[in-house]
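Spelled out from the first residue to the last, the chains are:
Protein chains: 2
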Amino acid sequence: MRRKPKTSAYQEQVEALNGILGEMCDLAGVAMDLATQALLHANLPVAEQVITDHDRMLEMSAKAEKQAFALLSQQAPKPADLRATVTGFQIVADVDRMGALALHVAKTARRRHPNKTLPEEVDGYFAEMGRLAVKLAHAAREVLESQDPQDALQLEEDDDAMDDLHRHLFSVLMDREWKHGVESAVDVTLLGRYYERFADHAVLIGRRVVFQTTGMTPQQLIETT
Amino acid sequence: MRRKPKTSAYQEQVEALNGILGEMCDLAGVAMDLATQALLHANLPVAEQVITDHDRMLEMSAKAEKQAFALLSQQAPKPADLRATVTGFQIVADVDRMGALALHVAKTARRRHPNKTLPEEVDGYFAEMGRLAVKLAHAAREVLESQDPQDALQLEEDDDAMDDLHRHLFSVLMDREWKHGVESAVDVTLLGRYYERFADHAVLIGRRVVFQTTGMTPQQLIETT
Chain A
1 MRRKPKTSAY QEQVEALNGI LGEMCDLAGV AMDLATQALL HANLPVAEQV
51 ITDHDRMLEM SAKAEKQAFA LLSQQAPKPA DLRATVTGFQ IVADVDRMGA
101 LALHVAKTAR RRHPNKTLPE EVDGYFAEMG RLAVKLAHAA REVLESQDPQ
151 DALQLEEDDD AMDDLHRHLF SVLMDREWKH GVESAVDVTL LGRYYERFAD
201 HAVLIGRRVV FQTTGMTPQQ LIETT
Chain B
1 MRRKPKTSAY QEQVEALNGI LGEMCDLAGV AMDLATQALL HANLPVAEQV
51 ITDHDRMLEM SAKAEKQAFA LLSQQAPKPA DLRATVTGFQ IVADVDRMGA
101 LALHVAKTAR RRHPNKTLPE EVDGYFAEMG RLAVKLAHAA REVLESQDPQ
151 DALQLEEDDD AMDDLHRHLF SVLMDREWKH GVESAVDVTL LGRYYERFAD
201 HAVLIGRRVV FQTTGMTPQQ LIETT
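Chains as they are written, first to last, in UniProt numbering: chain A, 1 to 225; chain B, 1 to 225.
Honestly, the hints are just simulated from the structure, not real lab data.
It cannot be assumed that every hint is accurate.
To be verified - Simulated pairs of lysine-lysine, DSS-like, Cα-Cα distance not exceeding 25 angstroms:
#1 B:K78 / B:K66
#2 A:K179 / B:K63
#3 A:K78 / B:K66
#4 A:K66 / B:K78
#5 A:K135 / A:K107
#6 A:K179 / A:K116
#7 B:K116 / B:K179
#8 A:K78 / A:K66
#9 A:K63 / A:K78
#10 A:K63 / B:K63
#11 A:K78 / B:K107
#12 B:K63 / B:K78
#13 B:K135 / B:K107
#14 A:K78 / B:K179
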């Protein structure tokens with residue numbers, strides 16, 4: 001953590017909020033990492049761990065909202081401070097969703113245990129989507145720390161790679177050669193979507209940080225990027 | 001619209017914001033209604049209409065965020081007013097998502113045209129999920145107008161009905177008798193999820209209104225309901 005000169009008490013509290021949000025991004029990344037392992041190796045204890053650890057995420061989420069409300073009720077905050085607070089609430093919602101998506105992956109692995117959920121044919125896709133998801137969660141954390149709009153825009157590139165993988169995965173599914181039946185196709189469809197949405201929320205966190213630092217709305221940002 | 005005595009200028013602006021959000025809920029409901037028709041009847045012009053109308057939704061969304069920021073930058077708002085503003089931003093995100101999900105349904109119908117996306121066997125499920133989705137969107141609008149926590153909790157019941165339908169739909173898909181192939185199963189899986197998530201966001205809007213009027217956080221609400 002870099003120390004900045006002459007930060008106000010308010011600013012320090014905003015940084016504390018961003019610190020909690022960054023920790024939550026890390027937790028979401030760890031959860032998706034473990035959930036992917038559970039999925040690839042039909043590892044029940046690891047799936048159970050993700051499910052148990054999710055409570056920690058909910059605690060952090062409540063803590064972050066409390067901190068954001070404390071900020072909101074302060075006397076005469078500046079517009080930029082209010083922006084940071086509103087953005088904070090939105091980021092809590094994004095990272096909550098990332099945690100919930102990792103939880104869905106873990107629960108799918110648990111539901112199919114002792115069988116493996118995925119046909120070997122698509123293991124490589126999910127290993128790579130898992131790696132990208134974890135990378136995106138950590139990048140979101142770094143953006144929260146650096147507050148650098150350039151870092152935030154970098155997130156979009158990794159998301160493009162995720163979208164490509166997701167598209168290829170669908171072409172494998174839709175191929176007439178798919179031999180693994182409908183149940184497996186349904187699992188692969190939903191799992192693919194969980195990873196893709198996880199990445200989308202990480203990108204949104206980046207966009208919100210840009211907004212926090214530049215004052216551009218998400219809509220304006222979409223138009224300019 | 002009921003007129004309340006002695007509302008402050010700030011309060012009037014909060015009501016204006018809620019009015020825009022309510023209109024957005026209506027638009028999302030109309031979009032899901034049309035998208036469901038397009039899906040059930042392989043109706044391309046109706047699917048195209050949903051896709052074109054989505055721009056209107058994005059305009060309203062930008063307008064709502066602008067209104068919320070104007071509120072936020074006022075001098076010395078009361079805590080309850082700030083709460084309404086923060087909630088406003090969250091509801092914009094929910095209703096945006098509802099619109100995006102209706103758009104996904106319309107785009108799926110367009111992609112499969114001139115074929116029908118759904119096997120007849122599941123038409124009934126989607127007709128009913130569509131009806132519930134539209135009902136939920138309108139209920140969310142009413143809650144925004146009435147600000148009545150009891151109305152908000154009613155939304156949860158319709159969402160339970162949606163979850164039941166979604167579960168039954170999956171048992172149809174997973175049945176060994178499914179004769180419509182993998183491509184169709186993938187479509188049905190994703191479409192089912194779009195309706196279910198649409199309903200979840202309507203419920204969230206209800207929860208946020210409860211928070212706006214009672215000051216309870218979403219987390220506390222989940223624990224007490």
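Checked hints:
1. B:K78 / B:K66: holds, 20 angstroms
2. A:K179 / B:K63: violated, 50 angstroms
3. A:K78 / B:K66: Given pair K78 of chain A, K66 of chain B holds - Cα atoms ~17 angstroms apart, limit 25 angstroms.
4. A:K66 / B:K78: holds, 17 angstroms
5. A:K135 / A:K107: Measuring from Cα to Cα gives roughly 22 angstroms; hence the hint holds.
6. A:K179 / A:K116: holds, 15 angstroms
7. B:K116 / B:K179: With Cα atoms ~15 angstroms apart, K116 of chain B and K179 of chain B stay inside 25 angstroms; holds.
8. A:K78 / A:K66: holds, 20 angstroms
9. A:K63 / A:K78: Holds - the C-alpha atoms of K78 of chain A and K63 of chain A are around 23 angstroms apart, at most 25 angstroms.
10. A:K63 / B:K63: violated, 31 angstroms
11. A:K78 / B:K107: violated, 43 angstroms
12. B:K63 / B:K78: Within the cut-off at roughly 23 angstroms; holds.
13. B:K135 / B:K107: Within the cut-off at roughly 22 angstroms; holds.
14. A:K78 / B:K179: Violated - the C-alpha atoms of K179 of chain B and K78 of chain A are around 62 angstroms apart, more than 25 angstroms.
Hint compliance for this structure: hints 2, 10, 11, 14 are broken, all remaining hints hold.
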